[in-house]
Structure formats: C-alpha cells, structure tokens
Amino acid sequence: NAGVTQTPKFQVLKTGQSMTLQCAQDMNHNSMYWYRQDPGMGLRLIYYSASEGTTDKGEVPNGYNVSRLNKREFSLRLESAAPSQTSVYFCASRGPPGGQPQHFGDGTRLSIL
Amino acid sequence: SQQGEEDPQALSIQEGENATMNCSYKTSINNLQWYRQNSGRGLVHLILIRSNEREKHSGRLRVTLDTSKKSSSLLITASRAADTASYFCATAPASDYKLSFGAGTTVTVRA
Chain Y
1 NAGVTQTPKF
11 QVLKTGQSMT
21 LQCAQDMNHN
31 SMYWYRQDPG
41 MGLRLIYYSA
51 SEGTTDKGEV
61 PNGYNVSRLN
71 KREFSLRLES
81 AAPSQTSVYF
91 CASRGPPGGQ
101 PQHFGDGTRL
111 SIL
Chain S
114 SQQGEEDPQA
124 LSIQEGENAT
134 MNCSYKTSIN
144 NLQWYRQNSG
154 RGLVHLILIR
164 SNEREKHSGR
174 LRVTLDTSKK
184 SSSLLITASR
194 AADTASYFCA
204 TAPASDYKLS
214 FGAGTTVTVR
224 A
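Chains Y and S, in that order, give the protein sequences. Going by our numbering, the first sequence opens with residue 1, and the numbers climb by one from there. Going by our numbering, the second sequence opens with residue 114, and the numbers climb by one from there.
These are calculated hints, taken from the structure and not from any lab test. Please note that a few of the clues may not be correct.
What the hints assert, rightly or not - Here are the computed lysine-lysine pairs in the DSSO-like style, where the Cα-Cα straight-line distance is at most 30 Å: (1) Y:Lys71 to Y:Lys57; (2) Y:Lys9 to Y:Lys71; (3) S:Lys139 to S:Lys182; (4) Y:Lys71 to S:Lys139; (5) Y:Lys57 to Y:Lys14; (6) S:Lys182 to S:Lys211; (7) Y:Lys9 to S:Lys211; (8) S:Lys211 to S:Lys183; (9) S:Lys183 to S:Lys169; (10) S:Lys169 to S:Lys139; (11) S:Lys139 to Y:Lys57; (12) Y:Lys71 to S:Lys211; (13) S:Lys211 to S:Lys169; (14) S:Lys139 to S:Lys211; (15) S:Lys211 to Y:Lys57.
As the list claims (entries may be wrong) - Far from chain S, by Cβ distances over 12 Å, these chain Y residues were calculated: (16) Ala24; (17) Leu45; (18) Gly53; (19) Asn62.
We put the CB at the ideal spot given by N, CA and C, even for glycine.
Sequences and hints are given; from them, build the entire structure.
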C-alpha cells in the first residue's frame with residue numbers, strides 16, 4: 001500500500017535555484033493538495049486540485065506553481081527559491097467530497113540557503 | 114489565516130493517564146477532523162465528526178463537537194508511549210474541498 005509518495009525526501013537549494021517537488025497517489029483520488037508546515041504554524045495550503053484538469057490557489061500560493069499532470073500526479077514548482085520557502089512540504093489526496101479524510105505523504109524537507 | 118486553534122500547545126502525561134485537547138474554530142463547518150503526526154512523518158487521519166454529530170468514538174479516542182461554541186475536544190484514554198505525537202484539528206467548510214489546520218498540540222507520554 002504505497003498511498004501518497006513524495007520525492008525527494010530531502011533537498012538543499014541555493015537562493016534563486018528552481019526545483020520541482022513530485023507527488024503521486026495510487027488511491028484513484030480526485031483531489032490533491034500541497035501544504036507547507038513551518039514550526040508552530042500547523043499546515044498551510046499552497047495549492048490544490050479538486051479534480052484532474054483543475055488547480056486553485058490556497059492560503060499561501062505566492063512563489064509557487066503547480067501542475068496536475070494526470071489523475072495520479074500533482075507537482076509543485078519553485079521557480080526562484082527564497083530562504084522564506086525553507087519548510088517541510090506535504091502532499092495529500094482525497095476521495096470524493098462528502099466528509100472524506102485526506103491522506104498524506106511523508107513530506108519533503110527543503111532548505112534554501 | 115488558520116481556522117482552528119488547539120489548546121494546550123503542549124501536554125505531558127504519564128502512561129495510563131487520559132489526554133484531552135481542545136480545538137476552537139471561527140466559521141461554520143461541514144465537518145471537523147483530527148489528525149496525528151509522529152516526528153518526521155506525515156499526518157495520519159484519526160477521526161472525522163460531521164457538523165450534525167455531537168460525539169464520536171474510535172477505539173481509545175473520543176471526539177466531541179459543540180457547534181454552538183465552535184469547539185471540539187479530543188480525548189485519548191489510557192495513553193501509551195506510542196501516543197506521543199502532535200495532534201491537529203482541521204475544519205472543512207461547507208464546500209468541503211479544503212481543510213484548515215490548527216497549529217497542533219504536542220503530546221508527550223512518559224513511561
């Protein structure tokens with residue numbers, strides 16, 4: 001049972017570099033999400049995709065772009081990384097609306113120097 | 114801005130004791146969910162309670178919801194060392210597509 005798989009698990013970037021975080025789910029879920037988690041702040045939603053072919057901004061979208069490649073895959077791109085984007089990034093997926101839980105990957109720990 | 118706020122921020126208890134944490138939120142919800150996060154891992158769903166429910170049980174977990182006070186509580190009974198983790202409440206609005214998470218309660222269970 002793979003569930004939600006994120007790659008890479010760790011990454012160190014220099015300011016200004018670009019990076020794509022990958023996320024894939026094998027549960028045939030329609031909705032997928034990207035969050036960032038900073039100390040003491042819980043999870044904040046960056047972008048989400050309610051269904052294949054759609055993406056929408058969350059609470060903190062600035063500096064990020066996303067691509068819903070197909071039903072399984074949802075990637076997050078940092079075009080020009082900044083130290084403020086140092087964080088742990090989580091991808092999640094969920095089945096149809098109607099009180100369903102989200103299923104999370106184990107995260108990507110990203111440091112921007 | 115975050116919808117939910119957990120209280121307390123941290124909790125330390127002895128193995129076998131009960132742990133109670135609370136969550137308050139600001140706007141009307143479709144449902145409220147509790148998640149657990151072990152150190153270095155992703156969040157794991159524990160329990161979901163809908164806005165028309167008042168109490169729900171799952172194993173050693175008991176969740177209550179008071180929509181008039183916009184608050185929820187999570188009770189873990191007979192705690193174990195393996196319950197050491199951070200616990201987050203998350204609220205889903207009427208549209209139910211997005212969740213808004215609180216900052217979490219860190220629970221330490223001492224052997």
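Against the structure, the hints come out as follows:
1. Y:Lys71 to Y:Lys57: holds, 18 Å
2. Y:Lys9 to Y:Lys71: Holds, because 22 Å separates the two Cα atoms, which is no more than 30 Å.
3. S:Lys139 to S:Lys182: holds, 9 Å
4. Y:Lys71 to S:Lys139: violated, 33 Å
5. Y:Lys57 to Y:Lys14: holds, 26 Å
6. S:Lys182 to S:Lys211: Roughly 22 Å separates the two Cα atoms, so the pair holds.
7. Y:Lys9 to S:Lys211: holds, 25 Å
8. S:Lys211 to S:Lys183: holds, 18 Å
9. S:Lys183 to S:Lys169: holds, 16 Å
10. S:Lys169 to S:Lys139: holds, 21 Å
11. S:Lys139 to Y:Lys57: holds, 21 Å
12. Y:Lys71 to S:Lys211: holds, 18 Å
13. S:Lys211 to S:Lys169: Holds, because 22 Å separates the two Cα atoms, which is no more than 30 Å.
14. S:Lys139 to S:Lys211: holds, 15 Å
15. S:Lys211 to Y:Lys57: holds, 11 Å
16. Ala24: For Ala24 of chain Y, whose nearest Cβ neighbour in chain S is about 14 Å away, the distance exceeds 12 Å, so it holds.
17. Leu45: violated, 6 Å
18. Gly53: holds, 15 Å
19. Asn62: Non-interface label stands for Asn62 of chain Y: nearest chain S Cβ at 15 Å, farther than 12 Å.
The structure shown violates the earlier hints numbered 4, 17.
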